[in-house]
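Student: So the protein sequences, as listed, match chains A and B.
Heads up: the first sequence begins at 1 in this note's numbering, then just goes up one per residue.
Heads up: the second sequence begins at 311 in this note's numbering, then just goes up one per residue.
Be aware that one or more of the hints could be misleading.
[Said to hold, decoys possible] Calculated cross-link-like contacts (lysine-lysine; reagent style DSS-like; alpha-carbon spacing at most 27 Å):
#, chain 1, residue 1, chain 2, residue 2
1, A, LYS56, B, LYS639
2, A, LYS257, A, LYS246
3, B, LYS463, B, LYS639
4, A, LYS56, A, LYS223
5, A, LYS56, B, LYS463
6, A, LYS257, A, LYS56
Note that these hints are calculated values from the structure, not bench results.
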Amino acid sequence: MAVATAQTKAPKRRRKLFTMANWWGVLWVLPSILAVIVFVYGFIGWTARVSVSAWKGLLADYTFVGFENFTNLASDPRFSIDIQNTAIFTVVFVIGCLVVGLGLAILLDKGIRAEGFYRSLFLFPMAISFIVTGVVWRWLMNPAQGDRLSGLNLLFDKVGLDFLVNEWHGTPTWGIAAVAIPAVWQMSGYTMALYLAGLRAVPESLREAARVDGASELQVYRKVVMPLIRPVTLSAIIILGHISLKVFDLIIAMAGKQVALDVPSIYMWTTTFDGFFFGRGAAIGIVLLLSVAVLVIPYLWYTLRQESDS
Amino acid sequence: MSMKKAARFIAVLLALMLVAAACGDDSSSTTAAAGTDDTTPAGDADAVEVFSWWTGGGEAAGLDAMIAVFATTDPDIEFINSAVAGGAGTNARAVLASRLQANDPPDSWQGHAGQELIGTYVAADQIEPLNFLYDQEGWLDVMPETLIPLISKDGNIFSVPVNIHRANVLWANPTVLADAGLEIPTTLAEFFSAMETLKAGGMDAPLAMGEQWTALHLFETIMLASMGPSDWTGLWDGTVGWDSAAVTQGLEDFATALSYTNDDASALSWQDAGQLVLDGDSAFNIMGDWAEGFYRELGMEPNTDYVWAPVPGTAGNFQFLSDSFVLAKGAPHRDAAIAWLTVAGSNEGQDAFNPVKGSIPARNDADRSLYGEYLLSAMDDWASDTVVGSLTHGVVANDSWKSEIDSAVGLFLIDGDVATLQTALVAAQAASG
Chain A
1 MAVATAQTKA PKRRRKLFTM ANWWGVLWVL PSILAVIVFV YGFIGWTARV
51 SVSAWKGLLA DYTFVGFENF TNLASDPRFS IDIQNTAIFT VVFVIGCLVV
101 GLGLAILLDK GIRAEGFYRS LFLFPMAISF IVTGVVWRWL MNPAQGDRLS
151 GLNLLFDKVG LDFLVNEWHG TPTWGIAAVA IPAVWQMSGY TMALYLAGLR
201 AVPESLREAA RVDGASELQV YRKVVMPLIR PVTLSAIIIL GHISLKVFDL
251 IIAMAGKQVA LDVPSIYMWT TTFDGFFFGR GAAIGIVLLL SVAVLVIPYL
301 WYTLRQESDS
Chain B
311 MSMKKAARFI AVLLALMLVA AACGDDSSST TAAAGTDDTT PAGDADAVEV
361 FSWWTGGGEA AGLDAMIAVF ATTDPDIEFI NSAVAGGAGT NARAVLASRL
411 QANDPPDSWQ GHAGQELIGT YVAADQIEPL NFLYDQEGWL DVMPETLIPL
461 ISKDGNIFSV PVNIHRANVL WANPTVLADA GLEIPTTLAE FFSAMETLKA
511 GGMDAPLAMG EQWTALHLFE TIMLASMGPS DWTGLWDGTV GWDSAAVTQG
561 LEDFATALSY TNDDASALSW QDAGQLVLDG DSAFNIMGDW AEGFYRELGM
611 EPNTDYVWAP VPGTAGNFQF LSDSFVLAKG APHRDAAIAW LTVAGSNEGQ
661 DAFNPVKGSI PARNDADRSL YGEYLLSAMD DWASDTVVGS LTHGVVANDS
711 WKSEIDSAVG LFLIDGDVAT LQTALVAAQA ASG
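Just chain A, with the same shape it has in the complex (with noise of 0.2 Å):
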C-alpha cells in the first residue's frame, strides 16, 4: 500500500478505484465493512443516544435529558479522581516507556552480542496480557509494612535499600503512578523495537559525517539521530497514550475496584454494571471515546496528509 502509494501520484491513483478487479475486492471486504458499521459505527451512535437519556435501571429509558450526565459528570468527585488518576498514569506510563525504550534501543543498536537475545527478551512481556501482568506485581509490589513485609520491600529491606521500602499503590494520590510501573515493563520492549526501526533507518553516513565534523557521541545523537526518529516518538506517543486512557484490565487484576484507583473504564464498568446507571456509563464511554479521539485523529489526518505529499 505505502509502495503504491509511493509510487503512484494521487490523482491517478482515485481514477483506478473502480475498476472491475477492484470491486472484487470490494465486495470481499463488504462482510467486514458492514460489521464494522453495524457493531461499531452503530454502537457509537447508541452509546451517545443512551449518554442523553435517563436511562437508570433494566428497563430501558430514553427520555432526553440533553448533557445532564455530563455536566453531573463534571461535579462528580469520583470522576475528578478518574481524570487526576489517569493524567498520572498516562504521563508515568508514556515517559517511562519512552525513556526505557530509547534506552534500551540505543543499546542494542551499539552492536551487542547476541543482539537478537536481547530484542525478543525485552520484547517478551508484551505477549502478556495485563491481567497476568497484574496478578505478579500485585504480589512484587505488595504494600504490606511492618513484619509482613513482602515482594520488592522485603528485597529492599534485606539489602540495606530501606528507604526505598514503600507503600506502593496504597499510597495516597500517587498510588497509580506504582500501577503504572508494570505497565512500563509490559510496554516498552515494544516501544524499544519501534526505536530500534527508527534508529536503524538512520543512515550510517550520516552519523558519520557528524563524527568527522568534530561532533561528540551525545551530539550525533542529540542533533543528528534524534530530529530524524521524532516521527517514532510521535507513533509511540499516540499507542501508547490511547493505551493508557483506556487502562482497565491492569488496574482490576492489582488492586481490583477502589476509588482510590478508580479510572473512567472501570467507572464506566461499575456504574452501568454494578449500579444500572446506563446514562451515566454511557456519557463516560463518550467521554472515554472523544479523548482518546482527540489523540488518533489529529495523528491519522498528519499521516494520511504525509503519505499523499509523498
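We have chain A; now place chain B onto it with these hints.
Tutor: Same frame as chain A, but now just chain B:
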C-alpha cells in the same frame, strides 16, 4: 471517480445491507421459534429451568444436594440447571438481564433476598408475588417475623430464601486477647478501648480489613452498632434521614474503627484479612459468617484458633443476607417452578443445602444434628434476634443505591472527611433511593 460509479457502489452497498438485515431478522425469528418450541405448552410440568451463579465450591454442592431432594419429591420433572459461572454473579446477572429483555425468562432464578431483587425485578415487573405459597406451606410460622418485611414490597413477598448468612460477626484470635488480658468487647466503646490497648502493646493494626467492599461491610456493621436496629432500618424506608445526627455519630464511629485497620487493606482479599487474625497480626476481623467456612477449610478449630461474637454493640441483632429463588412472571413451566420453590423452602431442601454450603436455613425448625458449633449458635440467634438487613449483600438497598454508597465510602477511604461522606450519602439517596 465518476458520479455514476460512486452511485452504483452505494447502491450495491445499500442492497447488501438490506439483505444482511433481512437475514438477521430471519435468523432471529427462527431462534425465537425454536425457543418457544422446547418450552411451548404453557404451564407444562415436565421440566423446570433454574438459573443461578452457583457453579463451584459449597454453593454448587449445596445446589446439587437440593436438586437430589427435588428428584425424590418430583421425579417426573426434569431439572434444567442453567448456572452461569464467573465474577460473583456479575456475568450471570448480565446474561439474565439480556434473557429478560428478550422475553425469554428462566422459570426461577437465584438472587440476594431483599431490595437487590425487588429494586431490579419487581420494578421491571418480572417476578410474581409468592404470598400464596407462604400461606399454603405455612412458612410464615417457621421464619422470623422480622424477616418478612425485608423480603417484601407493599405486603407482597417476592422470593423464597434458602440460606441465611450473618454479616455482623466479629472474629477474634483468642490467644492474642488472652495475652493482652482482654475480653471479647460487647460495646463499641469497649471495642475501641481494647484496640487502643493492643495498639499500645505494639500491634500496628488490631482490626484486619481487606479491599473496598470489606470496608463497606465494616461500614454497615458499625452503623448498625452505633444507630441501633430501628434507626438502621429507618435509613432504608425513609423514616430516618441520612443528614441526621445519628448518622453523623455512626460515621464518626466508622472513622474511628478505620483508624485501627491495616494500611495495606486495599491489597488484601477478605480471606487475607481473616488470615491476619489467625496469624496473630491482628486481633479482630469483622466479616460475614462465610469466614467460618474459610477457617474450617484451613483446619482451624472453633473456640481454640478463633472465637466469634456479634459485632460489639449489635448483640440481639442479626444482620442477615440470603440467597433466594423467585418465580418468573410468564414462567414457561409455572407449575414445575412452584414445585421447585416448595422444595427450596422445605425443611428437607434447606437441610440438604445448608450444611454443605456452610450457612443456616431460613426456617427455624431445622435438624440441629446436621450443623457445626458456630452454625448452631447462629441458628439460636436467628430464632430469637431482631432481624435487620445487610447493605453490602443486597438486602436493604437496590443496586443503584448500593453502588452510589460504595462510591461515597471509597472516596471517604481516600479523604477521611466525615462531613463530605455524609453529604455524599444524602446525595446517594436522592439519586437512587
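Student: Next step is simple, just say for each hint if it's right about the structure.
Tutor: Now for the hints, and whether the structure bears them out:
Only pairs whose Cα atoms come within 27 Å are accepted, and A:LYS56 paired with B:LYS639 is accepted, the gap being roughly 22 Å. As the CA atoms of A:LYS257 and A:LYS246 are separated by approximately 16 Å, the hinted pair is consistent with the 27 Å bound. As the CA atoms of B:LYS463 and B:LYS639 are separated by approximately 16 Å, the hinted pair is consistent with the 27 Å bound. Taking the CA atoms of A:LYS56 and A:LYS223, the gap is about 57 Å. The hint is violated against a cut of 27 Å.
Between the alpha carbons of A:LYS56 and B:LYS463 the distance comes to roughly 20 Å, so the proposed pair stays at or under 27 Å and holds. A hinted pair counts as satisfied when its Cα atoms are at most 27 Å apart, and A:LYS257 with A:LYS56 qualifies at roughly 21 Å.
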